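Visitor: Can you make the complete structure from the sequences, with help from the hints?
Just so you know, the sequences run in chain order W and B. Residue 123 in my numbering sits at position 123 of the first sequence, and the numbers go up by one each step. Residue 106 in my numbering sits at position 106 of the second sequence, and the numbers go up by one each step.
Since the hints were made in silico from the structure, they are not lab data. The model shown is predicted, which means the values in this text are computed figures rather than measured ones. Some clues are possibly wrong.
What the hints assert, rightly or not - Quick list of in silico lysine-lysine cross-link-like pairs, BS3-like style, CA-CA up to 30 Å: (1) W:92 with B:92; (2) B:77 with B:209; (3) B:145 with W:108; (4) W:56 with B:77; (5) W:92 with B:145; (6) B:102 with B:196; (7) W:36 with B:196; (8) B:78 with W:92; (9) B:181 with W:108.
As the list claims (entries may be wrong) - Residues from chain B that keep clear of chain W, each with C-beta distances beyond 10 Å, as calculated: (10) 64; (11) 109; (12) 111; (13) 112; (14) 127; (15) 144; (16) 191; (17) 233.
For every residue, glycine included, the Cβ atom is placed at its ideal position computed from N, Cα and C.
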Amino acid sequence: MTAQHALRAFLTLVLAGWVTASAVAEVAHPVIPKGKGERCVADTSVMRRNHMQLLKHQRDETMHNGIRTERFSLVGCMNCHAYVNSQPVSIKDERHFCNVCHQYAAVKIDCFECHASTPQPVSAAVAPEAHP
Amino acid sequence: MSEHQEQEMEGGLSRRQFVSAGAAVAVGAVLAPGVFLHSVAQARSPAEGASNYQRWGLLIDTNKCRTGCDDCVSACKKENGWGNEQVRDEQKVQWIRKVDLKEHHTGREVSLPMMCQHCAEPPCVDVCPTGASFKRADGIVLVDKHICIGCRYCMMACPYKARSFVHEDVIHGDAYMPRGKGTVESCTLCVHRVDKGQNPACVESCKEKAMTFGDLNDPKSEIAQRVSQYATRQIRADLKLNPGVRYEGI
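Guide: So this is what it looks like as structure tokens:
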């Protein structure tokens with residue numbers, strides 16, 4: 001490594017540290033509302049990093065193949081997470097589970113332009129019956 | 001299938017009967033006696049995908065359908081949450097509509113519901129530039145609104161005027177039928193209900209029992225038996241799209 005490279009790496013580190021420090025200083029860490037259920041469908045570390053892939057995979061499986069397992073369904077997420085202090089909240093509320101992190105990270109999501117962001121009744125439809 | 005081909009097959013087994021008979025024998029050998037693949041497939045678990053063992057279809061008996069009644073339309077609106085859009089008349093959303101026909105020579109009037117005909121060869125799928133318009137393995141034609149860019153080619157390609165474009169923001173109600181501004185939508189044959197083993201909302205709502213929903217591939221189903229016994233018609237059969245929706249009495 002040349003001296004020039006070393007200097008650049010050092011400056012980058014210093015700058016990154018400064019940016020992170022100032023961000024932490026200015027923006028409060030998100031307060032994540034507790035889910036209604038006992039535990040999530042996967043470990044928090046997995047969900048934090050991969051929830052978008054899991055949701056997208058489930059989305060395609062459901063849409064195109066008609067697979068409707070509940071584990072990674074968006075409705076399932078909302079039924080557990082769309083509560084603050086046991087009160088159901090929609091995405092319009094700043095304290096909504098998805099909102100708190102997504103606003104903190106400044107990542108815009110468009111799921112709820114179509115999908116419901118509130119808990120849903122288990123099934124509003126009539127009881128299942130066999131096809132003729 | 002053309003008349004000529006149908007005549008040729010008379011007397012012998014049709015191809016579909018032959019294939020399903022073969023499947024029944026093959027499965028019958030594996031499973032317990034009396035348990036056949038089609039009965040297993042109908043009670044599908046959520047983890048099991050849609051398969052081409054089934055072809056969902058709808059048979060509408062126009063002799064029973066009442067002029068002026070729009071129970072099926074209201075049921076569809078309620079189930080899928082459309083119809084409250086604040087838009088111009090030209091932009092109104094329409095998943096299903098009632099059509100009244102009159103034969104001028106005889107004066108006979110019939111009324112029928114018109115919706116996506118769930119073609120086996122859907123032109124909306126052919127023209128879609130993004131793959132958003134697609135046919136599921138079990139014959140249900142859908143729009144993947146995640147991929148739809150709202151170009152509306154499919155609306156122009158559909159000979160049944162079955163599709164609508166969402167021009168304004170939607171107030172979303174039902175979690176099982178999300179709708180969004182800037183995408184095309186149409187009858188889904190209530191796919192969320194069908195996957196649970198239920199009938200579409202329009203079929204449930206018809207007091208005259210003019211609509212029959214079922215699996216056209218299952219020779220034991222009511223719909224398959226009726227289409228094999230009675231004269232039914234596909235609308236614009238000349239286009240050879242082979243719609244899954246058939247009509248009786250027109």
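Visitor: With reference to the structure, classify each hint as holding or not holding.
Guide: Outcome of the hint check:
no.: 1; hint: W:92 with B:92; in the structure: holds (27 Å)
no.: 2; hint: B:77 with B:209; in the structure: holds (19 Å)
no.: 3; hint: B:145 with W:108; in the structure: holds (18 Å)
no.: 4; hint: W:56 with B:77; in the structure: holds (28 Å)
no.: 5; hint: W:92 with B:145; in the structure: holds (22 Å)
no.: 6; hint: B:102 with B:196; in the structure: violated (38 Å)
no.: 7; hint: W:36 with B:196; in the structure: holds (26 Å)
no.: 8; hint: B:78 with W:92; in the structure: holds (24 Å)
no.: 9; hint: B:181 with W:108; in the structure: holds (17 Å)
no.: 10; hint: 64; in the structure: holds (15 Å)
no.: 11; hint: 109; in the structure: holds (28 Å)
no.: 12; hint: 111; in the structure: holds (23 Å)
no.: 13; hint: 112; in the structure: holds (20 Å)
no.: 14; hint: 127; in the structure: holds (19 Å)
no.: 15; hint: 144; in the structure: violated (5 Å)
no.: 16; hint: 191; in the structure: violated (7 Å)
no.: 17; hint: 233; in the structure: holds (21 Å)
In the structure shown, a violation is registered for the earlier hints numbered 6, 15, 16, in ascending order.
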